[in-house]
Amino acid sequence: MRVQGYETGGFYDEMFDEARQPRPEAQLLLDTLNGLGDGQLERCQQAAERILVQLGITFNVYGDSAGTERPFPFDLVPRIVTAQEWDWIERGLKQRIHALNQFINDIYHDQKIIKDGVIPEEVVRSATFYRPQCVGINPPKGVWCHITGSDLVRHSDGRIYVLEDNLRVPSGVSYMLENRDLMKRTFPQVFEGLRVRTVAEYPSLLLDTLESMAPANVTTKPVVVLLTPGMYNSAYFEHSYLAQKMGIPLVEGRDLVVEDHAVWMRTTKGLRRVHVIYRRIDDDFLDPETFRKDSLLGVPGLVAAYRAGKVSLANAPGNGVADDKVMYAYVPDMIRYYEGEDPIIPNVPTYLCWRDADRQHVLQNLETLVVKAANEAGGYGMLVGPHSTAAERQAFAAKITANPRNYIAQPTLGLSRVPTLVGNQLEGRHVDLRPYILYGDDIRVVPGGLTRVALRKGSLVVNSSQGGGSKDTWVLEA
Amino acid sequence: MRGESLPLLSRVADSVYWMGRYIERAENVARFIGVNLNLQIDLPLAPAQQWQPLIDTSGDSEVFKERYGVATQARVIEWLAYHADNPNSIASCLRYARENARSVRETISSEMWAQVNSMYLQIQTQRSLPEPERMLDAFREIRMGCHLFEGVTDATMSHNEAWHFMRLGRTLERADKTSRILDVKYFMLLPSVRDVGTPYDDIHWTAVLKSVSGFEMYRKKYGRIAPADVVDFLVMDHEFPRAVRFCIKSASESLQAITGTPIGAFRYRSEQLMGQLRAELDFTSVETVIRSGLHEYLDRLQLKMNAIDSGLRDDFAVRTTPMTQTQTQTQTSI
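Each protein sequence line maps, in turn, to chains A and B.
The number in the working numbering is simply the position in the first sequence, starting from 1, with 376 added.
The number in the working numbering is simply the position in the second sequence, starting from 1, with 526 added.
Hints in this document: simulated from the structure, not taken from any laboratory.
Please read these numbers as outputs of a predicted model, since none were measured by experiment.
Keep in mind that a hint or two might mislead.
One side only, chain B facing chain A, incomplete, derived with CB under 10 Å [claimed, not checked]:
hint : residue
1    : Pro533
2    : Glu625
3    : Ser629
4    : Ser635
5    : Ser644
6    : Tyr646
7    : Arg826
8    : Gln828
Below, a list of computed lysine to any residue pairs in the SDA-like style, where the Cα atoms sit at most 20 Å apart [as the list claims (entries may be wrong)]:
hint : chain 1 : residue 1 : chain 2 : residue 2
9    : A       : Lys621    : B       : Trp689
10   : A       : Lys645    : B       : His685
11   : B       : Lys830    : B       : Ser818
12   : B       : Lys736    : B       : Gly749
13   : B       : Lys775    : B       : Gln828
14   : A       : Lys560    : A       : Ala576
15   : A       : Lys621    : B       : Met683
16   : A       : Lys597    : B       : Leu532
17   : A       : Lys645    : B       : Ser818
Ideal Cβ placement from N, Cα and C applies to all residues, glycine included.
Construct the entire structure; sequences and hints are all you get.
Structure, rendered in structure tokens:
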């Protein structure tokens, strides 16, 4: 394996500096790669791909009810994060999640942040995921965002930014865990001489978090379940994986019933009480009596039971109010308002199209900006200016003018790159990083995360639905 | 109490029960085909005589006739092993077994999932009939794959409520298949009384025994091959794992482990039916069965097992709403 001919292409590279010299933390890994025989890395890569299929580690393709399954592509070359940088990331995420949680709690209670003029009321009311049904609810310990998967990116300036918060139903953590297992199984020699922090404690920490939020009057060991939309959901593998690793029942809406304001599951011995639900169903589908009336996936009466404090839900319904891409622009203000501190990890500068001045700027600079719909995820509803055609820009300009509240724009980030196996050589591919933050009795961040990689040459879109894959993420010991 | 486990979700009980049944069904079909391939080398018959009984055993004679007409080796193997339109083909059974396994992946062990997934992937890649020289091996591999699944299940999964539901499915399916093959073959062989004691007769009865992997064990116990002894062995034996009585004994033990009802009592309809069948098998002699008509006896036996099957659904696995497969949500994806 030869790493010598590798080009950084003018981007920030996670393994090489501007002078194309290996960064100190990557030196040992690069030595190992250099020492591999011809085709060895490719063979390991093929072995890893076979294992993914054999173990059925796949996601379901949306809109395909026949249940087409595909493995989420995996690249063997890991992404390395130094101990020092991780320490900074961890502090920054804890600060941010703490502030976001206070914000959500405030919005559904006193709305002090609106009264104090920090955030316009209109922005909150018009947020797609604001749920008036949740006003006045008091989740146990005041926690609304138990599990978060924030997306971090490193720009060409070498700095890390928060790109999205993903507070609602973040997914991908099973790939963080499986990727590490896959690396150990197919490519054990790369760990030699390095001290990589383990991520294996995640399922235990998640279970601790879920048990910690049981309704206050539960005195026995709480019964925790994971609620999935079912095996045809794109993230079903993850749902069954996490339930298995935590040893808790994986339930579907039809397995649950609400009686006497409490939630029960249908078992072979009759109904059994459920105390905590880690729900992987969106707010809209959770309860046809409260949200979408046509939902077949949820449980009628669930929100009433939750409101009555008979069952806890993770994440708390309504927490998506802070997931709105317009609200995102205000997160630094929230941190200053609730924490009295400056944000540790910066936001990406964001233009809000409903502000006249911002909109003018966006419309005049579409070819350099990334435009996003405020309520879309998965890389949908997005315009990447530098890669767009005049026709696409024209279509977006019309959409923005018609519905300015629904669009934001950001400078095109030159996402950092990591060497990635393409054919039989390494080429730079753009990555982001999604660490997972758990909020129970305290806030914990597992040292690692899901590094998503845009496998198409030059692409900046890392989503699995659009040609993205993933890498193992190595946080080094101090 | 420390580590007290929750009762199983009804939906999960239903899925593991059917996973057990489907794997067992796939294994039986593979074995029937393998035995018949061997038999036709020893004793070539007209194709219809040779292959039609397999279709009769599966209970799909009419569908097959409408679609194919005369039963030839290639047609029967295509239908029984690979055809997606046949819900009981090996490929379909493995697909359903995997669907069920996938829906209870958190309940079974990772090793079990990997094995059922690998069998499914294997048969998916089989687009046409195997080459003649690969034919016997292909079905042997499927059989061994199913045995491996059973072994992995017993060795890696706690023998808990879910395991017992799976064993219930497996043993009821096994008893059903043994009774069916006996029923079909016995009546095909009976008209040939003049052949009693000839090599022809021997080969046929040997094939019946091999269809349930029982030839060697039969020999040890009875020595000479005699129709009444074969019936005794396949229905009444209490040691051979594919004998009907042995299967019902295992099923009844699992049911008892699930309900916790003391032996000799019942609380559920399925327990009552199971207990009655078990007692009947324990206290009936093969002479009585043959005298009163084997076919009638086997017919009644199958009805009783069907009644147990529906009793289990009523007692434990109530499906209140149909599967909702089509509604999807878009959520924060990766």
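Structure versus earlier hints, numbers of those that do not hold, lowest first | The structure conflicts with hints 7, 8, 17, although it agrees with all the remaining ones.
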